[in-house]
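Chains as they are written, first to last, in the working numbering: chain A, 1 to 194; chain B, 1001 to 1186.
Honestly, the hints are just simulated from the structure, not real lab data.
In this text, a Cβ means the ideal position worked out from N, Cα and C, and glycines have one as well.
Any given hint could be a false lead.
Pair ranges (Cβ atoms, derived) [stated by the list, open to error]:
1) B:A1111 with A:K6: 16 to 26 angstroms
2) B:G1110 with A:A16: 12 to 22 angstroms
3) A:N32 with B:A1066: 22 to 32 angstroms
4) A:R49 with B:L1116: 54 to 64 angstroms
5) A:S40 with B:A1161: 37 to 47 angstroms
6) B:L1116 with A:N32: 38 to 48 angstroms
7) A:W52 with B:A1161: 29 to 39 angstroms
Just a sample of chain A residues kept apart from chain B, beta carbon distances all over 12 angstroms, derived [said to hold, decoys possible]:
8) G22
9) A62
10) P136
Reference listing, derived: stretches of chain B covered by chain A, where coverage requires no fewer than 3 residues with Cβ under 8 angstroms from a Cβ of chain A [stated by the list, open to error]:
11) 1047 to 1058
12) 1137 to 1147
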Amino acid sequence: MDARDKEHEIEQWLDAALRQYGNAEPRIGLENRVLANVQSERNRIASQRRWWWAAGMVTVAAIVAALWVGETGSGKHPATTVGNTTPTHRQAAEAPRGPMPRAPVTHPVKEVVRRHPGKQPIRDLALTAPKLDQFPSPTPLNEQEKMLVRYVQEFPQKAALVARAQTDLRKLDEREMAAPRPRDAGSKSSDQQE
Amino acid sequence: MTAIATMASEVLALAQKEEDLLEAAVREHSRLVYRIAFSVLRDHADTEDATQETFLRVLRYEKKLARIDDPKAWLARIAWRVAVKRRRQVVRASAETEETGGALPSPDAGAERVLLEQERSVFLNRLIAALPETLRDPLVLLTLEEISPREAAVVLGISEAAVRSRAYRARQVLRERMVAWMNVRK
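Using the sequences plus the hints, can you model the full thing?
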């Protein structure tokens, strides 16, 4: 066998060997396995996307709700009225009357900003109620008191006399009540003498 | 309301079309993808994993699939890259697997002939593995009957002429070394 034949043989062998080198057959069912894997991955991605969507929607809803609560909270309550004094008694609101005008009791109303308009605790109510100088709070004059005031205004001297007489009478009564009572016998004899 | 329903049905139809395209690609080209991966990895288990990974990557670009001019070359390129990346990760020597699983000789051949064939195959595999990458890749790709020099050029990102010349040069190196090895054996 000369060199050319040998080279030819090697050439042929090399061709066959290289063909064999690239000749590989997959196991049966490769396509189905690949398709199953692809489908599984597709489902996983879809599930993941759904979760992301849900999470995104929840986040957006939470942000919108927070903004809405913030808007309604600031919109429902008016601006702070510091320094605004409001009369708390009807008398203060009315015109002054008679010689004993009652001083109008005024208190600055405390501003309490409600964060939750639906719920107002009792403690807040106590804070919002005005604090009074007199307890119990003064009530308006009844009819007799009004007549007395009118009489004093029209007849001050007579009223003074009447008042003095009433005072003396009250003092006399008090003195009699305070004095010791006479014994029963003494009283009987005195009755008999009379 | 009708417009929304129409839009939804169009989207569903588009998604279905994409799914069909991918399924068709799997059915048509899975064997090619497998062979490309095997030419690089030389291990059936690794090759199957690489094939799965290739199609999972295709799934990621499923929307592009309809616009690809040459799906076969595109898939071959992805398969090649996945296999090369995997080869770098695989620690064990791929040649050892091939040593035991070479081509089966014909049953009427003599025992001595069978042994010689197996020995040659193992040696050839080692020679190919020892080739520089620039020569080995074109040669390996051209051993696949489904891959033309033009497609090999697309996969490797070089010109068709470069593919041909490098494959020719690789073949020359193999022939020279085989001749030397056979002379030593005699």
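Structure-based check of all given hints:
For A1111 of chain B and K6 of chain A, the Cβ-Cβ distance of about 23 angstroms falls inside the hinted range of 16 to 26 angstroms, so the restraint holds. Restraint check, G1110 of chain B to A16 of chain A: a C-beta distance of roughly 18 angstroms satisfies the suggested window 12 to 22 angstroms. In this structure the hint that N32 of chain A and A1066 of chain B lie 22 to 32 angstroms apart at CB holds, the actual value being about 24 angstroms. The hint said 54 to 64 angstroms for the Cβ distance between R49 of chain A and L1116 of chain B, and at roughly 59 angstroms that hint holds.
The hinted range of 37 to 47 angstroms is satisfied by S40 of chain A and A1161 of chain B, whose Cβ atoms lie roughly 43 angstroms apart. The hinted window of 38 to 48 angstroms between L1116 of chain B and N32 of chain A holds, with their beta carbons roughly 40 angstroms apart. Judged by the Cβ atoms, the range 29 to 39 angstroms given for W52 of chain A and A1161 of chain B is violated: they are separated by roughly 49 angstroms. Not every Cβ of chain B is farther than 12 angstroms from the Cβ of G22 of chain A; the closest lies at roughly 3 angstroms, contradicting the non-interface assignment.
No Cβ of chain B approaches the Cβ of A62 of chain A within 12 angstroms, the least distance being about 27 angstroms, so the stated non-interface status holds. The claim that P136 of chain A is not at the interface with chain B holds, since no C-beta of that chain comes within 12 angstroms of its own (minimum 69 angstroms). Three residues within the 8 angstroms Cβ limit are the bar, and the segment 1047 to 1058 of chain B against chain A gives 6, so the coverage statement holds. Proximity of the segment 1137 to 1147 of chain B to chain A, defined as three or more residues with a beta carbon under 8 angstroms from a beta carbon of that chain, is established by the 5 residues found.
Checked against the numbered hints given earlier, the structure breaks hints 7 and 8 and satisfies all the rest.
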